[in-house]
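K.L.:
What follows is the residue order along each chain.
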Amino acid sequence: MSRKTLTRRQFVAATAMSSTALIAAPYVRGAYAAGKLSIGFWDHWVPGANDASTALVKEWGEKEKVEVSIDYITSNNKKIELTAAAEAQAKSGHDILQMPSWWPHAYSENLEPLNDVMEPLIKQNGEVNGTVKYLAQSGGKWLAVPATPGSQIKGPCSRIDLMKKHAGIDVQEMYPAGGPPKDDNWTLETFLKAAEACQKAGFPFGIGLGETTDSVDTAGAIFQSFGAELVNAKGDVTVKTDAVRQALEFYKKLIAVLPADAPSWDDASNNKWLISGRGAMIMNPPSAWAVAKRDAPQVAEQCWTHGFPSGPKGRFAPFLPYFWGVWSFGKNKEAAKSLLVHLSSPAAIEKFVVASGGYDLPAYANMTKLKTWAEEGPPKGTLFHYPDPYHRQTLSIAASPAPPKIAQQIYFQATLTKMALRFAQGEKMETALAWAEDECEGFMRT
Amino acid sequence: MPPGMSRQGALALRPHDKGVDRSPASSFIFRQKAHSMADVVVQQGRLVRNARPRKASGLRNMLGRKSTVAFFLTLPLILLIALLVLYPAFFSLYLATLNKAMTKFVGLGNFTFLFKRETFWMVVKQSCIFAVTAVVFKALIGFIVAHFVHNIPGKKQRKWRGMLLVPWVIPPAMSTLAWLWLFDPSYSAFNYTLSFFGVGPIPWLGETFWARFSVILVNVWYGAPFFLIMYLAALKSVPDQLYEAAAIDGANWWQKIWYITLPMMRNIIAITTLFSLIVTFANFDIVRILTSGGPLDTTHLFATWAFQVGIQSSDIPLGACVSLFMVPILAVAAIFILRDVSKRGNEA
Chain S
222 MSRKTLTRRQ FVAATAMSST ALIAAPYVRG AYAAGKLSIG FWDHWVPGAN
272 DASTALVKEW GEKEKVEVSI DYITSNNKKI ELTAAAEAQA KSGHDILQMP
322 SWWPHAYSEN LEPLNDVMEP LIKQNGEVNG TVKYLAQSGG KWLAVPATPG
372 SQIKGPCSRI DLMKKHAGID VQEMYPAGGP PKDDNWTLET FLKAAEACQK
422 AGFPFGIGLG ETTDSVDTAG AIFQSFGAEL VNAKGDVTVK TDAVRQALEF
472 YKKLIAVLPA DAPSWDDASN NKWLISGRGA MIMNPPSAWA VAKRDAPQVA
522 EQCWTHGFPS GPKGRFAPFL PYFWGVWSFG KNKEAAKSLL VHLSSPAAIE
572 KFVVASGGYD LPAYANMTKL KTWAEEGPPK GTLFHYPDPY HRQTLSIAAS
622 PAPPKIAQQI YFQATLTKMA LRFAQGEKME TALAWAEDEC EGFMRT
Chain F
-14 MPPGMSRQGA LALRPHDKGV DRSPASSFIF RQKAHSMADV VVQQGRLVRN
36 ARPRKASGLR NMLGRKSTVA FFLTLPLILL IALLVLYPAF FSLYLATLNK
86 AMTKFVGLGN FTFLFKRETF WMVVKQSCIF AVTAVVFKAL IGFIVAHFVH
136 NIPGKKQRKW RGMLLVPWVI PPAMSTLAWL WLFDPSYSAF NYTLSFFGVG
186 PIPWLGETFW ARFSVILVNV WYGAPFFLIM YLAALKSVPD QLYEAAAIDG
236 ANWWQKIWYI TLPMMRNIIA ITTLFSLIVT FANFDIVRIL TSGGPLDTTH
286 LFATWAFQVG IQSSDIPLGA CVSLFMVPIL AVAAIFILRD VSKRGNEA
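Protein chains in written order, with this note's numbering: chain S, 222 to 667; chain F, -14 to 333.
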């Protein structure tokens, strides 16, 4: 076999020719010229709802020539929170990660500012509610974009028949489909009387007193209706106030008419309570109603989702938003921002709402009167008031307005429900308050 | 049977097999034979080794050593443990010394903070109650059922062993979900059954006493088969001759258990208890699924509270700190139990 040797002169000539060819060659735009984008979305519990996200992302990817990959991550057993914690620690992971309510603040140092995305979106879709600002803004910086999938109001879902029969309240008349609510008399006092009447009739309200979000969210809205804050916006502990005392007195009366095992309820318990036909009301997004449609249609036909009762300081409803965050260590941040704009367009929002059967709530003021909520049933119009179309409620989250990193701990340690339960189970008011104060002081760690 | 080994010799190694003369005299003869055969094998090995020409290569010598081979055989496991156990353990030690934002070294600050928390001491107390109660009941039930199973003859015993192991082989996250449905407030099968007797409804997971009872019950249900199988193996290794001798001396069933069974099983009981104590102390899934620590944190264990503090409340250093508190408590238990085991080993 002959062996051809390459002279130095030949090597130099070949290198020069190759370099010239590379530089002079025309720029060829490949199928995925704008790179790759990796996304972690919340795995929607509504069958088929993920398809809407996939279709929207695919449509954008093809237009922008970006190769996209999506992981749907379940929220069961805090899988999303674990993913966020792992990616923030490793400084590596998805470019966009959907995260629950408190996480934008928890990882604020690792998130890309999104003011250039949010400001045009607000102009386009209307103002966002205060809870979204509270949870996703820090020092004028937008940490994340509110995601329509998964965001929800946990207002009352009442049994029309049982409320009429035992409490004398016609919830359909109070919250008519297609019209503004006539809710002037729908106060915490009326609510408590109805709870007592329904409990007496054997159909107690299904409100949890456990440590999971449904229980905490209801407690949060009730405490806020009294103006009760455990820690104020400045970060001062304000447990021992008259407002907190009033809220505790109210809760004690309410707990007396709730199911005996409410302290152990998780987020599925209230759904089961309604579907089993044993309760006249629960505080939940329409997921319980949607499951009842399939498993207990006779119960679903009697369900009506409506607004929260008002207290001395206003009408507050628990709002639990999801967010899309872009990691600052992401590899394709510009593409990520472009996709978030696409997913927040009015057309995309409408697709999310339709695909989830009305469960998903946009955070923008102009997007609360979509036809899905007016048309869903049976009974027709059952979801009309779910998105608070007439803005009668202050959408809030439990433990606000405390600084989010403190509030997150009050929220997940369920300090509100625990304090109410301690007092209701016989602990002295001042002892319960002292316990809560001590807990809150412990949450001040930085 | 190895070549050259007599039928009698082979039997001597398995004195409990059917068809073997178990009288003390015959048993003695078998042992003698087996012993002499073992000597031959050892001597053969030595002869072969001596006949092998000596090599100068140190590497070959090293590789030829049994300890080196053993090290290489266990290396994959050592690496796996280093990666999945040692690294996370040391990393959690490091995390426990940081502030909440993980930007500053605070030394033992997190530990001193925990000492002042009421909930922390409640979790310490509850973890001890949970682990000790569950292990005692698991050991007791395992011991009693192992005796029952040991007395079932032949093939039937195999079926019972298989059936009784079922709770232990089902992943606990799955079986605990089934228990959750049994305790469910709306659809509790237990309360439904009790209602026929005019009892209940019992708030299984809603009151402190019942919630603690329920999580311990599920843990005992899940863990008792492990004790059963360990004790059964130990029971089978107790020579029948001892019981026969005791029977001749007029011992009753309790004396047989107290003076023969328990002393013969002591090491197995100690090791099993230690192992179970560690696993039960570190339990997460049962409490997480059944109660999430409630009501009023009265069923939280170290692992569940560490998860709540570390992951849910985004205070990873404090969460790491809570989980590390298991180490000294379990270390003390391990020292006491293992010291006792090694002492007996030396006596033997």
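No lab work stands behind these hints: they were computed from the structure.
Among the hints, a few may not be true.
[Claimed, not checked] Quick list of the computed label-pair ranges, beta carbon to beta carbon: (1) S:D516 / F:I322: 46 to 54 angstroms; (2) S:E470 / F:R324: 30 to 38 angstroms; (3) F:L69 / S:D463: 48 to 56 angstroms; (4) F:Y177 / S:K601: 54 to 62 angstroms; (5) F:V326 / S:E662: 40 to 48 angstroms; (6) F:F76 / S:D391: 37 to 45 angstroms; (7) F:R146 / S:M650: 40 to 48 angstroms; (8) S:T275 / F:V326: 55 to 63 angstroms; (9) F:I322 / S:Q646: 33 to 41 angstroms.
[Stated by the list, open to error] Computed footprint of chain F on chain S; a stretch qualifies when at least three of its residues, placed anywhere within it, have a C-beta under 8 angstroms from a C-beta of chain F: (10) 427 to 436; (11) 480 to 488.
All C-beta atoms, glycine included, are put in the ideal place defined by N, C-alpha and C.
K.L.:
Indicate, hint by hint, whether the structure satisfies it.
P.N.:
Going down the list of hints, with the structure as the test:
{"no.": "1", "hint": "S:D516 / F:I322: 46 to 54 angstroms", "in the structure": "holds, 51 angstroms"}
{"no.": "2", "hint": "S:E470 / F:R324: 30 to 38 angstroms", "in the structure": "violated, 57 angstroms"}
{"no.": "3", "hint": "F:L69 / S:D463: 48 to 56 angstroms", "in the structure": "holds, 54 angstroms"}
{"no.": "4", "hint": "F:Y177 / S:K601: 54 to 62 angstroms", "in the structure": "violated, 36 angstroms"}
{"no.": "5", "hint": "F:V326 / S:E662: 40 to 48 angstroms", "in the structure": "holds, 46 angstroms"}
{"no.": "6", "hint": "F:F76 / S:D391: 37 to 45 angstroms", "in the structure": "violated, 60 angstroms"}
{"no.": "7", "hint": "F:R146 / S:M650: 40 to 48 angstroms", "in the structure": "violated, 57 angstroms"}
{"no.": "8", "hint": "S:T275 / F:V326: 55 to 63 angstroms", "in the structure": "holds, 58 angstroms"}
{"no.": "9", "hint": "F:I322 / S:Q646: 33 to 41 angstroms", "in the structure": "holds, 39 angstroms"}
{"no.": "10", "hint": "427 to 436", "in the structure": "holds (count 4)"}
{"no.": "11", "hint": "480 to 488", "in the structure": "holds (count 8)"}
In terms of the numbered hints stated before, the structure departs from hints 2, 4, 6, 7, listed from lowest to highest.
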